[in-house]
Structures are given as C-alpha cells and as structure tokens.
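Novice: The listed protein sequences derive, respectively, from chains F and E. Going by this note's numbering, the first residue of the first sequence is number 1, and it counts up by one from there. Going by this note's numbering, the first residue of the second sequence is number 1, and it counts up by one from there.
Hints should not be assumed to be uniformly reliable.
Once the Cα atoms are required to be at most 25 Å apart in a straight line, the calculated BS3-like pairs of lysine-lysine come out as [claimed, not checked]:
1) E/K168 with E/K64
2) E/K99 with F/K185
3) F/K153 with E/K168
4) F/K185 with E/K69
With the Cβ distance kept under 7 Å, some of the chain E side facing chain F (calculated, not the full set) [to be verified]:
5) P43
6) R52
7) S72
8) I73
A few chain E residues that face chain F, going by a derived Cβ cut-off under 8 Å, partial list only [said to hold, decoys possible]:
9) V38
10) S63
11) V113
12) N140
13) F189
14) T191
Keep in mind the hints are simulated off the structure, nothing from the lab. Every value quoted in this text rests on a predicted model; they were computed, and no experiment measured them. Glycine included, every Cβ here is placed at the ideal spot set by N, Cα and C.
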Amino acid sequence: MFMTRGRLAALALAVVAAPSPAQNGPDGLAVGRQMLAEDNPGELWVERGQRLFFEKRGPKHASLERCDLGLGAGRVEGVFAQLPRYFADTDKVQDLESRLMTCMVTLQGFTTDEIVRKRFGTLDNDSDMEALVSFIGSKSNGMKMNVPLRHPKEAQAYKAGEYLFHRRSGPLDFSCATCHADEGKRIRLQDLPNMTDPAQVQAVVATGWPAYRGTQATVRTMQHRLYDCNWQMRLPDLGYASAMSIALTSYLNHRGNGGVVQLPGVRR
Amino acid sequence: MKRFQLKLAVAAAALAAVLGCASFPSADETRALGEQMVADAYPGMPAALTARAVQDADQKICSKLGGEKLTSIEAGRIVDAARATMKYPPGGKLAGDWKAGERLVSDGAGLRVREGRVEPVKQNGALCINCHALDPREVNSGNLGPALVGYGAQRGNSDAVVKYTYEKIYNAWAYYPCSNMPRLGAHGFLTPEQIADVVAYLVAPQSPVNRK
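Same shape as in the complex, but just chain F (with noise of 0.2 Å):
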C-alpha cells in the first residue's frame, strides 16, 4: 500500500460510482466491486488496527492484549466467527463491538460515551472502534461462521432478533423484511441481500461488514449498517451497540454459519 488514503478514497469513489448500464447487461457496480477487492482499501484499518489492539492506551495505559473476546484473554484468531456469543463476565450476549467496548472500559479506562461518541469515523477523525473491528474480522479469515446458541440468553437474542428482524413499525411501516426477505430486490440501483436465503445470509454476515464504503471513504461495521437502516426507516438514531442491534446481529449470525470469513469486505 504505497498510495494515500486521499488519493485512495478518489479512486475508490471513481471506481464504485461509475456509471452502470442499470437493469440489463453486466452490473457495473459489481466489476467495480471487484477491482477494489482485488486492492482493497481496508486493510490501512487492518493494519491501523493491529497497531492500536497491542499499543498501550487509556488512562490506563493498557493494551487489549488481555481482552478476552470469547476464546481467551487477547486472542483475535477465530473470535468474529463465533460473535455475538454470551459473556459470563458482563451476564450479556455481545458482538464484536459491544465486546471491544467492555474491553476498553475496563482495561483501558475509556468511557462508554467517549467510545459511542468516536464509533463512526469522519474523513477528518478516524474511529479506533472502526479499525480494531477491521483489523479482528480479519483474523478469522479463510474460517467458517460458528456462531453459538447454547447459553439460554443466546437462544433469547437469536429468537429476539428474528422477532425484530419481521417487526414493523414507523411512519413509513418498514421492517428489516419489508427490504430483505425477496429475491432479486433493489431500492432504486442498490441491490439489496434476502436474508431468506442462506447463501446470502452466509455471504452478508462472513464478507460483508466490517466494510471500506467507497462512498464514504472510510469502513463501515455492523453497528453502522444497522444504524442506517434504522436512518432509513425513519427510527431514531439507533443506539450504539444496544441489545436490540446485537440480537439482530446474533440472529443473522448465526444463520450465517458456514459462511466462509473474509474481512473487510468492499462495499459501494
């Protein structure tokens, strides 16, 4: 990676942007999708993310080494791919991002909202929540989705989260369904995944987030692209790694074992 993240987020805009000759014919969007894959942007996150896992941070002044993300204290390898599990520690099913959370209050001395604050980066300020994710999705590449569901709260979450998956509500009567639970479905140009379906479901939750958004020039995670969604339906913002988000995460999941990790994914 010799280029600059500027000049980066210029070709990958350049790229996925371009024009696209729409309904028929070869979709565009997905040739541009898989140049940047081949070059892919995200992994500056990985790296940065590397970097900030083992430097010592916080007030006080410690690594996440001893972050026990579900299989032992500061082991990154395999731990996405069996997210959101249940913590005895914490007595809650977590995702990756809730987990890191705990992590750098209770190790780190962060403050919850000083993370929530910081969880979306902006082209002038990076999100370390962005890159550590980029960067421990990244460590359970090449490796299936295993997603438990034998703790009860687990089965809770997994059951919750099929529950708000199909719940309307809103002024404009959406839920996540109203979009993806149909084959071949678009809003306007944007293709939009059936989760009915467990190729996609495997596809979605194993190479989709986190994300480089060409877009926005930065990586998207999970919690993002719920919270979007959440923008989208007219809901209030969605709060950041609240339970309702991670039940729809175990959800989807779960239903996604088998998939095979590889992270980030390249996205428009």
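Guided by the hints, dock chain E onto chain F, whose structure is given.
Specialist: Showing chain E alone in chain F's frame:
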C-alpha cells in the same frame, strides 16, 4: 402433575444443553424480550421520536414471522382500519398537477432523524422511484414494488381509476392488507394534495409515465 411437568422441562433443557442447542423462549416471552429491546434501543432520543418505534395495532398484525400467513379475520380487520383512515383533498380533486407529481416521485427525503433531530425539508418526498419504475427513461428506480410504466396508458384516467389510485397511495393496506407499501397518507407522510399530484403523474396522458 405440575411437578412432573417441571421435571420434564428441566430434563429437556439439560438434554438440549448437552446436545448443544439451547431451548428457545416461547412466542410470548420472545415478544416481551423484543419489545423491551425496542424500548431500550434509542437512548437519549426525545419521546416524540421514540414514539415512532411503538407499533400500532395493524403494524403488529403485519409483523408475521417468515412464512406465516394472515388469517382472513386479520385481513378483514386491516382493510376496515385502512378504509377508516381515508381522507381526500378539500374540493375532492383526486388528480392534481402531474408536473408537481413528477418532482415528488423521485424525492426520497422526509422525516429522517440524525443525532436526535428530524432533517429539515420543505416537504416530504413521495419516495416512489425507490421501489417502482415509472418513467421509462429513468434508470435509477427500484423494483421492490411492481413497475408502473404506462400506468395511465393501460388503465385510462376514469374517475374509478383515479379514486383507486388515490386510495392505494393514501393507504395501500385498504387494497392489499399488510402490503410492503407504506401507508403514506394515513401516516401523514404525504398530504392529500401531494397524493393527488402523484396520481396525476401516474394517469395523465402527457406524463412521462404514459408517453410513448
């Protein structure tokens, strides 16, 4: 007997744990859990905005899990409730200005919330081309709903067609209970006048939807 059932349940849960699959909560427990999660999902948001996430009775009925069908009693209830919401523009003109409608159909804004504030817009857009093909020369349209290219050319613009079209946009559930289409008029997302303009855009012979 009760004790025996309890023992049986405990044994089943233990067996499930050994087999590696947890026992799922009941439908009622799941609903309670899910609703609590919704109540907690929007910390720091004003009450007027969190109220949007509270379901009305019809949204509840229309939230079936995958594959579950609406009963005929439920469908009837939804249609009746939808009919009761119908309001028309003062003066009763259900097909307005198709040019105003043209601006509305490609406008996807309105009522979005960022950082606890509703985005300021002059008027809400009608959102149409997010889901429907309308003008055959517009490539940037979605397909969640049926293509409506040639809508008026096929159906004409009789009073019956105009009334049906108006009501379908005002409250789609009056004709198709639990349709994916939002109840745009009933929610007040669009005004009756805006809906009449969109109707005109769909049926007017001069509209790009119907031009050959």
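Novice: Each hint: holds or not?
Specialist: Results of checking the hints against the structure:
no.	hint	in the structure
1	E/K168 with E/K64	holds (22 Å)
2	E/K99 with F/K185	violated (28 Å)
3	F/K153 with E/K168	violated (43 Å)
4	F/K185 with E/K69	holds (21 Å)
5	P43	holds (5 Å)
6	R52	holds (5 Å)
7	S72	violated (20 Å)
8	I73	violated (19 Å)
9	V38	holds (6 Å)
10	S63	holds (5 Å)
11	V113	holds (5 Å)
12	N140	holds (5 Å)
13	F189	holds (6 Å)
14	T191	violated (14 Å)
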